[in-house]
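Participant: Protein chains in written order, with our numbering: chain X, 1 to 277; chain L, 1 to 271; chain C, 1 to 363.
Since the hints were derived computationally from the structure, they do not count as laboratory data. Among the hints, a few may not be true.
Quick look at which bits of chain X chain L covers, simulated, 3 or more residues with Cβ under 8 Å [stated by the list, open to error]: (1) 60-72; (2) 243-250.
DSS-like mimics (lysine-lysine), calculated; alpha carbons at most 27 Å apart, straight line [what the hints assert, rightly or not]: (3) C:23 x C:13; (4) L:170 x C:13; (5) C:106 x L:170; (6) C:69 x C:33; (7) L:86 x X:7; (8) C:111 x C:122; (9) C:77 x X:7; (10) C:107 x L:170; (11) C:33 x C:214; (12) C:289 x L:170.
Every residue gets a Cβ at the ideal spot worked out from N, C-alpha and C, and that includes glycine.
Listed here are the chains, written in short residue letters.
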Amino acid sequence: MTKKNFKWSNLYLLLVFVVLYAPIMYLIFYSFNEGGTMTSFTGFTWDNYAAVFEDTRLMGIVLDTFLVALLASLLATVIGTFGAIGIYYVKKRNTRNTLLSMNNILLVSPDVIIGASFLILFTFIGFRLGFTSVLLSHVAFSIPIVVLMVLPKLQEMNPTMLKAAQDLGATNLQVLTKIVLPAITPGILAGYFMAFTYSLDDFAVTFFVTGNGFSTLAVEIYSRARQGVSLEINALSTLMFLFALILVIGYYFIQQYNMSKKHKQNGKKNTKAVTLL
Amino acid sequence: MKQTKTFYFVPYSIWLLLFVVAPLMLILYQSFFDIQGNFTFANYATYFQSGTYLTMTFNSIFYAFLITLFTLLISYPTAYLLVRTKHKQLWLLLIILPTWINLLLKAYAFIGIFSMNGTVNDFLSFTGIGRQQILFTDMSFLLVASYIEIPFMILPIYNALEEMNPSYLKASNDLGANSWETFRRVIFPLSLNGVKSGVQAVFIPSLSLFMLTRLIGGNRVITLGTAIEQHFLVTENWGMGSTIGVILIIAMFLMMLVTGEKKKKGAVHKK
Amino acid sequence: MPENPIITFENVKKQYEEDVVLKNINLKLERGKFYTLLGPSGCGKTTILNLIAGFTEVTEGTVTINGEKVNDVPPNKRTVNTVFQDYALFPHMNVFENIAFGLRIKKMDTKTIEEKVASVLKMMRLSGYENRAISEMSGGQRQRVAIARALVNEPDVLLLDEPLSALDLKLRTDMQYELRELQQRLGITFVFVTHDQEEALAMSDEIFVMKDGKIVQSGTPVDIYDEPINRYVADFIGESNIVEATMIQDYEISFVGRTFECVDAGIAANERVEVVIRPEDLVLTTPEKGKLTVKVDTQLFRGVHYEIIGYDSEGNEWMVHSTKKATVGEMVGLFFNPEDIHVMRIGETEKEFDARLESYEEE
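Excised from the complex, chain X in its bound form:
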């Protein structure tokens, strides 16, 4: 009896996984299609990949996208980490809760709202749209996730450890660099990682604040997809899927690192971190 149940449940899970992966596999499959459409496979070819690498405009956009992601996540990590430390030192419960709620506003807001309101902001202060406005926006929406990744690590830290360091003669700066930062490094790494993927993944906010001269990959795909099917996009998707796979494996190792550092207890926390993805 139990055996039969088991089979059915496995079948259901299998079906869900098939549905989840089918579109992605579909894209990858047709990226090798000679025929130029996403409906009939006429023959195997690498041409679409060659086209991606020959398309200098596309390659430029890929580089820009990564540049924005790297810079934005770096800045967001620095600001977010110090923000988290700041919030950690706020002793008043109410102030702290208010700060946290404000922190989370951008996390729960729909992309269009963030995009539209940032667009108003940049226009209002007379900021020219382009690379910098996109970068600033990406920094802005990545900060809260960094805070959420770092703050639990701070709270896990034993407060007497800080007193002990001071008691042993450490200055504030030394307490920060020798005690606090090493203790929260896993959180900072996770935060950086999340910020990076947020930035790579964003479409809507960028779409609002990008102006005419500058484009990221997501925006470019959107405009090309609106014109119809182009297998260059399939080839690009395949490459991006591989990249995502590498990122996930990377994230998995950060998780393992955190786990081995603080045993099982963090396992749950990390599942939550994954949930935030």
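Keeping the supplied structure of chain X fixed, place chains L and C upon it in accordance with the hints.
Facilitator: Here is chains L and C on its own, set in the frame of chain X:
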């Protein structure tokens, strides 16, 4: 001591002011201006008086409701079964992996799958139902949106189920409940927080998926998000766009109130 | 032997893959008694509880409840209820609903449920707490809710899985009295699992001392305390002085170079044995009057008594509980009576032990 602490806070505070408080204020401010830049309440008047906006809002909420319902129906059993598998961490990672693929790429795949000569139509024609127009219909929008939101529903429910103390199930069994009664009286009520987080994570973004309505829905479905994008980037009527934005923000807060502010259990929607 | 045992285990073996957790367990539990399974963690005591409750299945052997084989009966169909170590109270229900859970499953009418819950609440001195959330209850109160939730179903057997381990010392002692009193009043069979020997001694009608998936010794608390079958049981139950000895003949034994009168018999002459003497049976006296002389090494004041550690001429350590004070470094005498010497044969099983006792006690 005090100085160092405030110093940490300077860039973060600037961010809070400039990118959280100011944009919210500005969108509210902008909603009181018409296209010529004159102060007016007309945007709100138009919104509440013209049937089109109200219908659009109602439709958008209705679609978001359907998307949330679909994803919940698929995700709950998935999460439930997932918690009971071996190597569940690995399976979980596999559920998460598709969310790392840019949403636009996944939407783009469906252009092929749903097209007139696509796989689904091949199948329909094979079974004798015959080819149908699937792309650019309400249904295609609902399906693709649900597909995209499924992982965000699975994860919080999975976490809620995973955190549940196994001795509750033992206790329920010990007190005479069979599996179904245990599910109904213990497991489901205790996973409700996860369901709420999931609903929160799916419903609000579903109100604003303008790229899907454009690419898949063929402009037949207009969500609040589509309307905002339209007003900001096409007709350049920022005042009206902001008005709808304010409505969307209010909807968001209402949603958060309904689903309860009970300690956030993970699950903040990925952007 | 009981005519109509409520629970029996016949040759029960439990194995998880390669790991044998229970080896050939045989048990007969009578109605209306308080049983304790005592042993360190991993000795299999909780597995026995799980087998009675139905949470795990035996690998070999038979378990019966009320004379019926229950090997394949699921927990929800068994007339036993459990008080869990972490209580497992449902956090989304208040006190009343937690207790009413089992009754609602049985589809009793609302009025009966209210009556039953009210009476069990009264019995557990929890009246007035019906609408409290579980999170608002203290550890001791939760404990009582957990007991009430199990008892309201009027089980034939109540299983308690180390339920006192989460409470502080004072509360734990109070609950020991309360549980014992409750069991005697209700006349239900209790099966209590613990690793705390004091708890076991204080509450039980019968104790099963377990080690590595086997029952090493069973008996009343007094039996087990006074006649431990081997070094393991002696060590586990209370403080004890254990020295090697040689049986001279019936009622005569030799250790630390001297010969003493004892009350044991039925052991071959010159057999190597071990002797247990409890610290409270040793009386401090002058070296001249003592049967043994030891040099006092350390002394701790324990409130009711002094705990004195001394060493004899052969280097054996002796612990004495005495109300009199000793002086560290001095020689003192230790006096004891023949019946204070408990002889343990090396490797003797419980069956052999019982047979030997019977053989010479009948004489």
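Participant: Each hint should be assessed against the structure and marked as holding or not.
Facilitator: Here is how each hint holds up against the structure:
1. 60-72: violated (count 0)
2. 243-250: holds (count 4)
3. C:23 x C:13: With Cα atoms ~5 Å apart, residue 23 of chain C and residue 13 of chain C stay inside 27 Å; holds.
4. L:170 x C:13: With a Cα-Cα distance of about 22 Å, the restraint between residue 170 of chain L and residue 13 of chain C holds, given a limit of 27 Å.
5. C:106 x L:170: Given that 27 Å is the threshold and the Cα spacing comes to 17 Å, the pair holds.
6. C:69 x C:33: Holds, at roughly 21 Å.
7. L:86 x X:7: 14 Å, holds
8. C:111 x C:122: With Cα atoms ~17 Å apart, residue 111 of chain C and residue 122 of chain C stay inside 27 Å; holds.
9. C:77 x X:7: At roughly 26 Å apart (the allowed maximum being 27 Å), residue 7 of chain X and residue 77 of chain C satisfy the hint.
10. C:107 x L:170: 20 Å, holds
11. C:33 x C:214: Holds - the C-alpha atoms of residue 214 of chain C and residue 33 of chain C are around 21 Å apart, at most 27 Å.
12. C:289 x L:170: Violated, at roughly 61 Å.
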